[in-house]
Amino acid sequence: MKVGIIGAGRQGWRRAQAIDVSRDDITFVSDIDAQAAENLAVVYRANHTVNWQDVVRDSNVDSVIVCTPPLFHAEIVTSALENGKHVLCEKPLARNLKEAQDIFHASVSNAVKLKCGFNYRHFPAIKQAKQWCDQGVIGDLLLMRCRHGIGGRQDYDSEWRVQSSVSGGGELIDQGSHVVDLFRWFMGEFSEVFGITETSYWDIEPVEDNAFGLLRQPNNRISSFHVSWTQWKNLFSLEIIGSKGSISVDGIGGSYGSQEVVLAGRNDADSDMNKRIEFRGVSETWIAEWQEFSDAIKDNREPMANAKDGLEAVRLIDALYRSSELGQPITIN
209 MKVGIIGAGR
219 QGWRRAQAID
229 VSRDDITFVS
239 DIDAQAAENL
249 AVVYRANHTV
259 NWQDVVRDSN
269 VDSVIVCTPP
279 LFHAEIVTSA
289 LENGKHVLCE
299 KPLARNLKEA
309 QDIFHASVSN
319 AVKLKCGFNY
329 RHFPAIKQAK
339 QWCDQGVIGD
349 LLLMRCRHGI
359 GGRQDYDSEW
369 RVQSSVSGGG
379 ELIDQGSHVV
389 DLFRWFMGEF
399 SEVFGITETS
409 YWDIEPVEDN
419 AFGLLRQPNN
429 RISSFHVSWT
439 QWKNLFSLEI
449 IGSKGSISVD
459 GIGGSYGSQE
469 VVLAGRNDAD
479 SDMNKRIEFR
489 GVSETWIAEW
499 QEFSDAIKDN
509 REPMANAKDG
519 LEAVRLIDAL
529 YRSSELGQPI
539 TIN
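Residue numbers 209 to 541, in the working numbering, belong to the letters of the sequence shown in order.
Possibly wrong hints are sitting among the right ones.
Claimed, not checked - Keeping only pairs whose Cα atoms sit at most 25 Å apart, straight-line, the calculated DSS-like set for lysine-lysine is:
1) 338 / 483
2) 210 / 335
3) 338 / 210
4) 452 / 441
5) 452 / 338
6) 506 / 210
7) 306 / 338
8) 516 / 306
9) 335 / 516
10) 452 / 335
11) 483 / 335
What the hints contain is simulated information worked out from the structure, not anything from laboratory work.
All chains should be built: construct the whole structure from the sequences, respecting the hints.
What follows is the structure in C-alpha cells.
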C-alpha cells in the first residue's frame, strides 16, 4: 500500500517508522515547514510538498496518515476521504463535536476506511485485560477507574497543545481522549457525564491542566477518571472491577514504567485465578496500530477504533467540558 504522511513532526516520524516495518511504502510527505517535509521524505525516498492538498489528490497514494494538530483535522481528513483515500487520523478525531460529526458523515459517504489513532488499545497489558474481560474471567463489569498524567516538558505551556483554538482544549481532550475511548471499549456506551476541569499550575488559562470525570451508563454503573498535566512522575493506572474479580493495568512503557497487568479474585478462595504479567521492552503500539489498519483495508472490514469510535470519544469529551462549564451533569444524546 502506498501511503502519504501529512505532518512531519515527531508523530509523523513515529508513523513513518511503523509503516516502514510493515513494508508498506511511504510515497508522499507534506508539512507546512518545507525543510521538515524534506527531511522525512529523503529517508524514505518519497516526494515532499508544503501543500497537503497535493497528497490527498495524488492518484498514487492509497492511504493518508494525518499527524497535524487537531485544528486541521476536519478539513484534511474530509478532503482525503472525498478523494478516495483511507485515513488514519491522530486523536482526537476533531477539536469539537461539530467537526467530528462532519468527519464521520464524510466517512460514511465514501467507500474508504477511517481509523482514529487510539494506540492505547494496542498496549499488550491493555489487550490482555480486554481479553480477560471478553472471556468473562471477572464476570459482569461493574466499573472502571483510571489515573493518567504527565508532568509536562520544559516550556510545555508554550506548545500548541495549550492553545484551545488549535487543540480543542487542554488535558481533558489530550490524554482524556485515550481514557474515554478505553472506557467505551471495555464498558460500552455512557448516558450521562459530570466533569470538572481546573488550571492548577501551568499559566495556560482558560485551558485546563487537570480534569476529573464521572461517566454513568444506562444501567447506572459509574466509571471515573483523573487526567493531569501536573503528574510530575508520569503515571498510567487503570482498574476494571467485575462481579467475580478485578484487573489492574499499571504503566505503558517508557517514562510511565513497564507494563503490568494483574488479575485478582474477589477473596482468598479465588486465589487460583490470580495472575500477574509484566511486559518489558520498547512499545510497539504504533506498529501494531498501523498493521491492524493495513489489514482492515486489505480484508475490507472496519478497523479497530473506527470513525464511530472517534466521534463518540469527542462526544463524551464535549459533554464533559459542558458539564464543567455549567456545573451540572450532562445527558448524552
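For the pair we were handed, residue 452 and residue 335, check the Cα-Cα distance against 25 Å. holds (19 Å)
25 Å limit on alpha-carbon distance, applied to hinted pair residue 338 and residue 210: violated (32 Å)
Measure nothing beyond the straight line between the CA atoms of residue 506 and residue 210; if it is 25 Å or shorter, mark the hint as holding. holds (13 Å)
What's the verdict on residue 452 and residue 441, does the C-alpha distance respect the 25 Å limit or exceed it? violated (32 Å)
Hint check: residue 335 vs residue 516, CA-CA at most 25 Å. Holds or violated? holds (20 Å)
Hinted pair residue 210 and residue 335, Cα distance within 25 Å: violated (29 Å)
Does the alpha-carbon distance linking residue 516 and residue 306 stay inside the 25 Å limit? Holds. Residue 516 to residue 306 sits at ~14 Å (cutoff 25 Å).
Take a quick look at whether residue 452 and residue 338 sit within 25 Å of each other, Cα to Cα. holds (15 Å)
Residue 338 and residue 483 were given as a pair; does the straight-line alpha-carbon distance stay at or below 25 Å? holds (15 Å)
Does residue 338 sit within 25 Å of residue 306, going by the straight-line distance between their CA atoms? violated (31 Å)
For residue 483 and residue 335, compute the direct alpha-carbon distance and say whether it is at most 25 Å. holds (15 Å)
Going down the numbered hints, you'll see the structure goes against 2, 3, 4, 7, while the others check out.
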